[in-house]
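Student: Sequence:
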Amino acid sequence: MSENPFHSIQDFWADESFVDWVLGNNPVAAAHWEQWMLAHPQQVPALQEAKRLLLAVRVQEISIPEQEIRAKVDHILRQLPETHQRRIWGGWRMAAAVAGIILLGTTAWMLVNRQKATSLQSGHLDEVLATTKNVTAHPMPVTMKDGSTITLEPGANIRYTANFGAYARTVYLEGKANFDVRPLSSAPFVVNAGGIETRVLGTTFSVEASNTAKRVLIIVQHGKVAVKKNQDRELILSANQEASYEAAKGNLIKKLVSSPLTQVAVRHQEDFIFTDTPVTTIFEKLKKVYAIDLIYDPTILKSCTITANLNQEAFYDKLDLICKALGLSYQESNGQLVISGNGCGNN
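According to this note's numbering, the sequence shown is numbered sequentially starting from 20.
Rather than coming from a laboratory, the hints here were simulated on the basis of the structure. Any given hint could turn out to be false.
Claimed, not checked - With a Cα cut of at most 16 Å, we get these calculated EDC-like pairs of lysine to aspartate or glutamate:
1. Lys-195 - Glu-227
2. Lys-247 - Glu-227
3. Lys-274 - Asp-295
4. Lys-233 - Glu-216
5. Lys-248 - Glu-227
6. Lys-273 - Glu-216
7. Lys-243 - Glu-253
8. Lys-195 - Glu-216
9. Lys-337 - Glu-303
10. Lys-321 - Asp-290
11. Lys-243 - Glu-216
12. Lys-243 - Asp-199
13. Lys-273 - Asp-295
14. Lys-70 - Glu-35
15. Lys-337 - Asp-316
16. Lys-304 - Glu-332
17. Lys-307 - Asp-295
18. Lys-70 - Asp-30
19. Lys-273 - Asp-312
20. Lys-274 - Asp-290
21. Lys-70 - Glu-53
22. Lys-195 - Glu-261
23. Lys-164 - Glu-68
24. Lys-233 - Glu-253
25. Lys-268 - Asp-251
26. Lys-164 - Glu-193
27. Lys-306 - Glu-351
28. Lys-243 - Asp-312
29. Lys-273 - Glu-351
30. Lys-274 - Glu-351
All chains, please: the whole structure from these sequences, using the hints.
Tutor: Written out as C-alpha cells, the structure is:
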C-alpha cells in the first residue's frame with residue numbers, strides 16, 4: 020500500500036487495496052484509506068470520484084462474460100503505457116474493475132444517458148452525485164470544475180453532479196462551508212442546505228446547516244445572493260448581511276453581520292481621520308467602505324461635525340463613538356441601520 024498521494028482516478032484504480040476498500044471486502048484496507056484521507060486532504064476529491072465510478076459499475080450490475088472482460092482488458096492494456104500495464108495487472112480484480120469502468124463508455128453509458136434524457140424531459144436530473152467530505156481537523160478547499168472554490172469546515176460535506184458546471188452549478192451541503200464563486204451568468208450557483216436554497220451569480224459567502232437541518236445560517240461577505248425556503252418569496256442578501264432559518268419558527272430572518280468587512284480594496288480604502296468633518300460626510304464614507312445602508316435625516320445632522328481618528332476601530336466601534344459624541348442612536352431594521360437624534364443645535 021503506497022503512502023504517496025495519488026493524483027488521478029487511474030492511480031486509484033491501479034491500487035488493489037483501494038478496490039478492496041471500495042468493495043467493502045478488506046477491513047485492513049479500509050483503515051489504511053481512512054488514514055490516507057486524513058494525511059492527504061487535497062487528494063480526497065479525486066479519491067471520491069474514483070470511488071463513485073467504481074461503485075457505479077456495481078450499481079449497473081452489467082453481466083459480462085469473463086472471456087469478454089479479459090478481451091477488453093487486453094485491448095485496454097495494449098493502449099496504455101508499459102508502466103500502467105504492470106500496475107494494473109497487479110491483481111485480476113483490478114483489471115476486471117478497469118474493464119467494467121471502461122465498458123460504461125458502451126453498454127452502461129447508453130443506459131445512464133437514456134435515463135438522463137428521460138429525467139431531463141420531465142424536468143428532473145436523475146444522476147449519481149459525487150460526494151466530497153472533509154474528514155480532517157482543518158478547513159479543506161475544494162476547487163470545482165467552474166473555477167469556484169468551496170472551503171469545507173471539518174466534518175462538512177458537499178454533493179454535486181459529476182458534470183458540475185456544464186449546464187447547472189448546484190451543490191448540496193451538510194455542515195459549514197465558505198464559497199468563493201466564479202461569476203457565470205449562464206449557470207447560477209445554487210447551494211441547498213437544510214431545505215434553504217441560496218442562489219448567486221458571483222460572490223463570497225458562507226452557509227452553515229446543522230446535521231438535523233433545524234438551523235441554517237447564510238452570511239454574505241461580498242456580492243449579493245438570493246435566499247428562499249421552498250416556494251417562498253426570495254430574500255435578497257447583500258454584503259455584510261446574513262439570513263438565519265430555524266425550523267421551529269419556520270421563517271427567514273435578515274440582519275447585519277456582527278463584524279462587517281470592508282468592501283473596497285485595501286489600497287483604495289480611505290483614511291478615517293477627521294478634523295471638524297460633517298458627520299453626514301462620515302456616514303457616506305461608512306456606507307461606501309462597508310456597503311451598509313445608513314438611513315438618517317441630513318437636514319437634522321447638517322451642523323454636526325466630528326474630530327477623531329477612527330482608523331483602527333471596527334465598523335460598529337466607529338459608529339458607536341460617533342453616535343456617543345453627538346448624542347445620536349441607531350437601530351437595525353431589515354439589514355439597514357436607522358440613525359436618529361436631535362441634531363447639534365445650530366440648524
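Student: All hints are to be evaluated individually against the structure, with a verdict given for each.
Tutor: Hint by hint, here is what the structure shows:
1. Lys-195 - Glu-227: holds, 4 Å
2. Lys-247 - Glu-227: Holds. Lys-247 to Glu-227 sits at ~15 Å (cutoff 16 Å).
3. Lys-274 - Asp-295: violated, 32 Å
4. Lys-233 - Glu-216: holds, 14 Å
5. Lys-248 - Glu-227: At roughly 15 Å apart (the allowed maximum being 16 Å), Glu-227 and Lys-248 satisfy the hint.
6. Lys-273 - Glu-216: holds, 15 Å
7. Lys-243 - Glu-253: holds, 12 Å
8. Lys-195 - Glu-216: At roughly 15 Å apart (the allowed maximum being 16 Å), Glu-216 and Lys-195 satisfy the hint.
9. Lys-337 - Glu-303: holds, 13 Å
10. Lys-321 - Asp-290: violated, 22 Å
11. Lys-243 - Glu-216: The given pair, whose Cα atoms are some 14 Å apart, holds under the 16 Å limit.
12. Lys-243 - Asp-199: Distance ~12 Å between Lys-243 and Asp-199 Cα, so the pair holds.
13. Lys-273 - Asp-295: violated, 35 Å
14. Lys-70 - Glu-35: Cα-Cα ~13 Å, so holds.
15. Lys-337 - Asp-316: violated, 19 Å
16. Lys-304 - Glu-332: holds, 14 Å
17. Lys-307 - Asp-295: violated, 20 Å
18. Lys-70 - Asp-30: Holds, because 12 Å separates the two Cα atoms, which is no more than 16 Å.
19. Lys-273 - Asp-312: holds, 14 Å
20. Lys-274 - Asp-290: violated, 27 Å
21. Lys-70 - Glu-53: holds, 13 Å
22. Lys-195 - Glu-261: holds, 14 Å
23. Lys-164 - Glu-68: OK: Lys-164 and Glu-68 at ~13 Å, within 16 Å.
24. Lys-233 - Glu-253: The given pair, whose Cα atoms are some 20 Å apart, is violated under the 16 Å limit.
25. Lys-268 - Asp-251: OK: Lys-268 and Asp-251 at ~14 Å, within 16 Å.
26. Lys-164 - Glu-193: violated, 20 Å
27. Lys-306 - Glu-351: holds, 14 Å
28. Lys-243 - Asp-312: Satisfied, since the Cα-Cα distance of roughly 14 Å is no more than 16 Å.
29. Lys-273 - Glu-351: holds, 10 Å
30. Lys-274 - Glu-351: holds, 8 Å
Of the numbered hints listed earlier, those contradicted by the structure are 3, 10, 13, 15, 17, 20, 24, 26.
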